[in-house]
Structure formats: structure tokens, C-alpha cells
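Colleague: Chain by chain, the residues:
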Amino acid sequence: MRYIGLSILSFAVLFSCAEPRAKGIKNQMMDDPIIGLSYDPIRVHFDSCPRSLDSREGAAKGYQWIYAQCARPLDTLYLVSCLMKSWNDEENKWVDSILEPDFGAIVKVSGGKSKAIGTPDGLYGKHAVLPIQDADCLMEDAAARYVKAFGGSSELQKSLTAGKITADVPPPRFVEKLRAKGIILPPEKRK
Amino acid sequence: MQGPGDKDLEKMGVPNSMQPDSTARSADSLLVNNKSGGLGGAAQKTLDDRARTNQEPEPPPETYEFPTEEPASTEDTAKADTAVLSDPKWVQPDTLFHQEAEVSAQLTLPDGKEHITKVQAELFAKTPSGPKSISKGEAWAQADGKAVIPLPVFKPEGYVDGAVEYFFRIYHSLAKMLSGEKQSREVSEMALKSTDHVLVPGIAFDRESSFIPPKGAHSLKLVEAKFNEWDKKYSKKSQIAVFGHTDKGEKDAKVLSERRAQSAHAFITDEAATWEKLYNVEKWGLKALQFILKDLGHYHGAADGADGPKTQAAFIAFRKSAGVLESGKEDPATRQALFAAYMKGKHDIKIDASRFCKVAGNPWMGCAANNQAKEGKEAAPENCRVAFILIVPSKNFPVHFPCQDGNEAACQAQCKKAGKRSAAGIGCMFYDELVREKKQEAAPEEPARQPQTKKGSYDIEKAVDHLNAHALDASIHKCATYVRQAIEAGGGVLPTNLSHKYAKEYGPVLSAMGFRKLSIEDYVPQKGDIAVFQPPSGKEEGHVQMYNGEIWASDFFQRGSDIYPGKKYREEKVSYEIYRP
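Here the protein sequences line up with chains W and H, keeping their order.
Plus 14 on top of the position in the first sequence (first one is 1) and you've got my numbering.
Plus 255 on top of the position in the second sequence (first one is 1) and you've got my numbering.
None of these hints come from the bench; they were simulated from the model.
Every clue listed holds true.
Computed footprint of chain H on chain W, listed as stretches where at least three residues anywhere in the stretch have a Cβ under 8 Å from a Cβ of chain H:
1. 95-104
2. 107-116
3. 133-141
4. 174-184
Pairs of lysine-lysine, BS3-like flavour, derived with a Cα cap of 30 Å:
5. H/K381 x W/K140
6. H/K344 x W/K140
7. W/K172 x H/K368
8. H/K601 x H/K481
9. H/K437 x H/K671
10. H/K601 x H/K538
11. H/K575 x H/K565
12. H/K538 x H/K476
13. H/K605 x H/K481
14. H/K759 x W/K140
15. H/K549 x H/K532
16. H/K605 x H/K487
17. H/K759 x W/K99
18. W/K178 x W/K140
19. W/K140 x H/K401
20. H/K373 x W/K162
21. H/K491 x W/K140
22. H/K717 x H/K481
23. H/K373 x W/K178
24. H/K410 x W/K140
25. W/K107 x H/K759
26. H/K828 x W/K99
27. W/K140 x H/K782
28. H/K605 x H/K476
29. H/K401 x H/K782
30. H/K401 x W/K178
31. W/K140 x H/K488
32. H/K488 x H/K605
33. W/K107 x H/K828
34. H/K756 x W/K99
35. H/K492 x H/K782
36. H/K828 x W/K140
37. H/K470 x H/K481
38. W/K140 x H/K437
39. H/K491 x H/K470
Idealized CB from N, CA, C, for every residue including glycine.
Modelling step: build the complete structure from the supplied sequences, incorporating the hints.
Modeller: Right under this line is the structure:
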């Protein structure tokens with residue numbers, strides 16, 4: 015029963031990302047789940063989710079991206095996000111015309127089964143869902159993926175500067191890794 | 256301008272293990288050189304070195320603009336390199352074993368070094384062989400200079416039981432080590448077990464007896480009053496531990512102390528049969544019965560144990576009033592009826608039997624003469640007593656009491672444990688942890704609220720329970736639905752004339768339902784509060800979430816350090832409103 019429960023949970027989360035099978039990704043901005051930086055998914059290319067992460071319902075390619083990955087001895091962690099349709103609570107239906115970025119999810123994949131275990135806010139801190147070394151592992155991988163997705167450090171720096179992203183926004187490990195790649199975020203302006 | 260070398264850091268009291276790694280210091284150097292007008296010299300060399308060693312060397316982008324600031328002169332260098340750490344504190348009022356404590360300090364950085372915000376801390380335990388390092392942690396100072404550093408609290412090696420005293424030290428690469436030794440605090444096993452506890456003095460007995468005279472019965476009302484007060488404060492979650500005590504010189508101290516606790520428990524829970532047993536074991540005699548008959552208004556003579564016409568008349572009067580058949584002078588049936596009338600009459604105490612802690616299988620325990628109210632060689636009536644300890648259990652409850660029924664060996668083992676006791680008469684370390692006054696009581700829970708909805712009273716617990724049972728670990732973009740269903744589970748009825756298509760529309764809906772809108776200034780979340788967010792720029796839905804007493808939740812449990820549901824909301828500091836039922 016527990017196994018079924020986990021599968022249902024992972025389906026629920028991943029199915030949600032399968033929903034935005036909308037027509038209009040064009041001109042639709044995405045917010046990355048680690049920084050909250052808005053970007054154009056047509057121009058910025060994060061890797062698409064592998065089949066093991068793809069929902070059985072078949073998430074449309076290009077709507078679900080990997081922002082970080084970390085292989086552990088028994089499983090692999092992914093930090094993923096997607097664009098989704100909006101949910102109309104009153105009419106109990108999805109709204110095709112409105113796509114919005116997801117908050118992102120930390121997904122554990124093991125033996126072909128996936129399970130969402132938290133959101134990027136749960137990487138660190140009092141209510142962290144991962145050991146700190148695993149969160150660090152994800153952030154180290156994320157830094158490399160961001161550089162690649164944005165087309166190099168220079169391009170990423172431009173986007174971060176344009177987005178007015180300061181060093182207090184992303185997790186410190188991510189900031190450190192960006193710094194090691196020559197990308198520097200200014201500290202939050204003192205009050 | 257280079258950061259301090261390893262030797263410099265050692266001089267400043269920063270241990271090798273706590274010193275920033277060379278990568279971080281190189282990066283610091285890089286930023287400072289940029290500030291002084293572009294890359295060059297040592298900084299450029301650092302970059303070149305990095306380019307040779309890193310897998311993905313990337314030059315710093317030329318487009319990035321650093322804050323305009325005058326470069327520091329050579330004369331200013333020494334002064335400019337000094338940072339100051341101050342105001343060391345524990346963040347939480349209580350610290351538990353095997354959990355993360357947080358310590359904080361204020362960091363003041365010199366001009367040009369504002370980016371070196373990493374602060375590290377180390378936790379130490381005071382042990383008989385000196386301070387032992389327990390854990391290390393690091394964090395980055397925020398805009399206001401405050402750094403909050405998590406430090407896991409483990410038991411030191413060789414720990415057996417009792418309280419451990421911890422202190423911390425805080426380090427920064429440019430500052431003198433900051434000692435938090437004056438802020439040391441004790442952590443004990445009991446802290447794991449309860450969120451609050453209080454000692455109620457209880458009642459005093461005659462020597463060698465566990466009979467509760469009317470004066471003592473009246474004192475039990477105070478226990479009931481305190482218990483009811485705690486029931487309101489802690490939503491009926493508190494439990495009572497009953498401990499009997501003896502004075503030095505009383506015979507069979509351990510057993511007598513247990514009988515006293517049992518007697519008090521029986522009185523509260525109306526167990527007349529237990530008193531009948533105690534009556535026979537201790538041979539309370541006629542005197543005890545005369546006390547009761549007098550208290551019930553049937554006897555007007557002295558309670559001296561001497562039988563006579565007044566006593567007999569009192570028994571007759573009692574039998575008549577209680578409907579007990581005549582069966583001689585006194586008999587078990589009459590006594591039990593008398594005890595029951597005494598317990599249920601004006602001294603009746605309404606505390607359910609289920610609210611008593613089980614200690615070694617019984618809802619009471621005795622401490623013999625190990626925990627004295629008044630220390631000394633002289634006989635002290637104050638020590639012939641029963642004490643009540645009200646405990647609000649934590650999730651780690653039930654407590655594993657070390658006590659043993661009828662065996663004082665466990666008491667003696669606890670008394671041998673090293674450590675300071677909160678009072679001179681207390682020998683048992685475990686008992687001391689139970690009765691030790693907490694420095695800060697847990698925040699009281701909100702009292703029951705008035706009906707707020709059309710459907711009747713809104714039940715916050717039911718709403719939160721529903722949300723806790725249904726929220727997922729990641730969002731499925733149905734926050735409005737999950738919060739609405741939780742509100743409905745709590746008895747709330749949404750108005751039909753207001754739209755609630757999207758989460759952002761819930762403000763007017765909640766107001767119409769009778770929820771109070773709160774100011775977000777100095778806001779402290781309470782269980783059941785609902786936050787309604789407008790959407791970030793370019794978005795439509797917004798977000799709605801409910802506080803479950805620990806974290807915010809909607810269709811998913813939010814594990815961030817603040818109220819915002821995600822990065823974009825946090826980054827834009829999106830506006831929100833708080834509603835309280």
C-alpha cells in the first residue's frame with residue numbers, strides 16, 4: 015500500500031507538470047526554481063527531463079526541465095520545474111490560456127520510480143528535506159547547468175545582473191559555485 | 256588587497272578547520288580588486304590559477320558593474336581588514352538533544368569587505384575533562400549584519416544521563432573569535448520529553464500515614480484549578496505525574512511514599528476501594544472516619560479515635576443519608592460508602608483518570624525520602640507530602656521514567672548522578688529535571704474562538720488536520736482548492752456571491768466569512784492563519800496558504816525560512832495579506 019501511495023504522489027506531482035500541454039509556450043517566460051530569475055525558455059535551454067522522470071501521462075517535451083541533478087548510491091535526485099496551466103478552483107478545471115511557472119520540485123528517482131520529496135525551499139534550513147551534502151551536490155550541479163543553459167558565464171552574469179539578483183537570493187552553495195565560475199552576485203544592499 | 260593568510264587566521268583564534276578555503280578567499284580578493292578599478296595584478300593571477308585548475312574556467316564578465324566606491328588607500332588597509340563580531344545569542348529559547356540549535360551574532364564589516372559575509376560557529380559541551388567540540392556550522396550574514404548559524408546538538412561522548420552544559424564560539428575570517436561562553440545553556444533529557452511542566456505543591460500528610468484529612472482534600476482543589484488552567488492553555492494536552500514523598504525517619508519510606516501517591520490518585524479519581532485497602536494496610540482507624548464524618552456534617556465531636564454515642568449517631572446519620580444498610584458499628588461497605596461520599600462531596604475533583612502519567616505501570620510513584628521539600632536532620636511535616644507535576648508532552652512523549660515500583664535502587668542510582676540540582680533537598684536527577692523551573696514557558700496556544708462562520712463555530716484544529724493530511728511534498732498548482740477544502744473541513748462555508756477562481760481572490764472571501772485581516776507588521780503566525788498573495792509580475796493566479804502551527808502549507812508543505820511560497824514571490828517580495836479565524 016505504501017508503494018502505491020508513493021507512486022500516486024509522484025504521479026500527482028509530475029502529472030501536474032504534464033497538464034500545461036498548451037499551445038503557447040511562445041512568448042511565455044519561465045521562472046527558474048532556484049533563483050526566481052525570469053527567462054525565455056526558447057532562448058535558454060535547460061535539459062529536458064528523462065523518461066524516468068516523465069510522467070506516464072506524457073509530459074510534453076520542452077515543458078519540464080532539469081535544473082540540478084545529483085547521483086547518490088541508491089537513487090538520483092533531480093531538481094525540476096515546468097510551466098503549468100492555471101487551476102480554476104471555482105469551476106474545478108484547468109485554464110488552457112494561462113501558463114505559469116511551477117515552484118519546482120526535488121524528485122527522487124530509484125528503480126524506475128520517482129517521488130517528489132519537496133520544493134527548492136526545502137533544500138536548506140530548519141525544515142530541509144535533504145542532508146546538507148545532498149543539497150550541496152544539487153547546487154554544485156545546478157551552477158554548471160545554469161552556465162550551460164544560458165550560453166556561458168558571461169551570458170548568465172548578464173541575465174543575473176539584469177534580473178537584479180543579489181547574493182542573498184540563491185542558496186549560499188550555489189553562489190559559491192557561481193563565484194568559482196567567475197560569476198559574482200552583489201550582496202543585498204544594506205538598509 | 257589580499258585576505259589574511261592561514262597564520263593570520265590562526266593568530267585571530269580561527270582554527271584551521273574553520274578557516275575559509277582558499278577558493279573563497281581568492282574570490283574575495285577578486286571582488287576587491289574589481290572595486291579598485293578592474294582586474295589586474297594579484298586578482299588576475301588568482302583567476303589565471305583558477306583557470307588552470309577548474310574544469311570550466313570562465314573569465315569574469317566585463318559587463319558586470321560593481322557598486323561605485325573609492326578604492327581603499329594603502330594606509331587604510333590594516334583598519335579596513337578588521338571586521339567585528341558581537342552580540343552572541345542562542346536563537347531559540349530552548350535547545351534539545353539531537354536537534355539543530357541556532358546561534359546568532361552581529362557582523363560588522365569594513366568598507367570594501369561587505370561581501371565577506373560567511374560566519375562560522377562551533378558548539379562545545381562542558382565535560383569533566385574539559386570542553387569538547389560537538390558540532391560546527393556556517394551561515395552568511397544578512398543585510399542587517401545578523402548571521403544565524405545552525406549547530407546540531409549532540410550528546411558528548413560518554414554521556415549517561417542528566418543535563419549537559421553547552422556553549423559556542425563564532426568565527427569570521429577578518430574578526431576576532433567571539434566567545435559565547437557566557438551564554439552557555441543546559442540541555443537535558445527531560446527537555447526532549449516535555450514542552451512545559453510545573454510543580455504543584457499538593458498536600459501534606461500525618462507521619463506514617465497516607466490518609467488525606469479534610470485540610471489536605473481542600474488543597475487538592477488547587478491542583479484541579481492549576482490543571483484546568485493548563486487545559487485551557489495547552490488544549491487539554493497536559494498530563495499529571497503524581498509523586499509521593501516521605502520525611503527522614505519514616506518507616507518503609509519507599510512503600511509509604513507510593514501509598515501516599517496512590518491515596519491522592521484514588522481520591523481524585525474516586526476510587527473508594529483503594530482507600531479501603533489503604534485503611535486496612537495502614538490501620539487508619541476510627542480517627543480517620545471521624546474526620547470524614549465531621550467533614551460531611553454528621554459528627555460534631557473531636558476526631559480522637561475514641562468511640563462513643565456521638566460517633567455512633569454520626570454513623571447512623573450517614574447510613575441513613577447514603578442509603579447504606581445497618582450492619583453493626585462499622586464495616587467495609589459503610590467505610591467505602593463513607594470514602595466515596597468524602598471524595599465526591601464538596602472536595603470532588605474532576606480530573607479524568609486517563610490524564611495521569613503511567614510510571615512503572617501505575618498512575619503514581621513514590622520517591623521515598625530522596626526529594627525533600629525541607630532539608631535537615633529535624634523531622635519536617637512538609638516532607639510528608641504528595642507533589643503533582645503537570646507535564647505538556649512533546650512528540651517524544653511518553654517519558655521513560657527510571658522509577659521502579661517498590662524498589663528504591665533506581666532512586667539511589669539517580670541520586671548518585673553528578674550535576675547541580677535546582678534545590679538543596681532534591682537528590683534524584685530525573686525528578687530534578689521534572690520540577691526544574693523552565694526559564695521560558697512555551698507560547699500559550701490560543702483559547703477557543705467564537706463562532707465565525709454561517710455554519711457555526713469554525714474549528715481551526717479540524718481545518719489544519721485536513722490540510723496536514725492532504726498537502727503534498729511539492730506543488731500541483733491547486734493551492735486554492737486545498738486551502739478551501741481545509742477551511743470547509745473546519746466548518747467554514749464560502750460565500751456564494753464572491754469569486755474564488757484563483758488564489759489571489761481569497762482576501763474578500765475570507766473577510767466575508769468573518770476572518771480578521773491582520774497587520775503584517777510584527778506579524779507572528781498562529782495555527783490556522785491564512786496568507787493570500789497577489790501574483791508576481793506577469794503572473795495571474797497568486798497563492799494562498801494556511802499556517803499549520805509549524806510551517807505554511809497549501810497543496811504542498813512549504814519548507815522555506817519565511818512566509819513566501821517560492822523564489823519568485825520572495826525575490827519580488829510580493830504583497831500579501833494575513834487573515835485570522
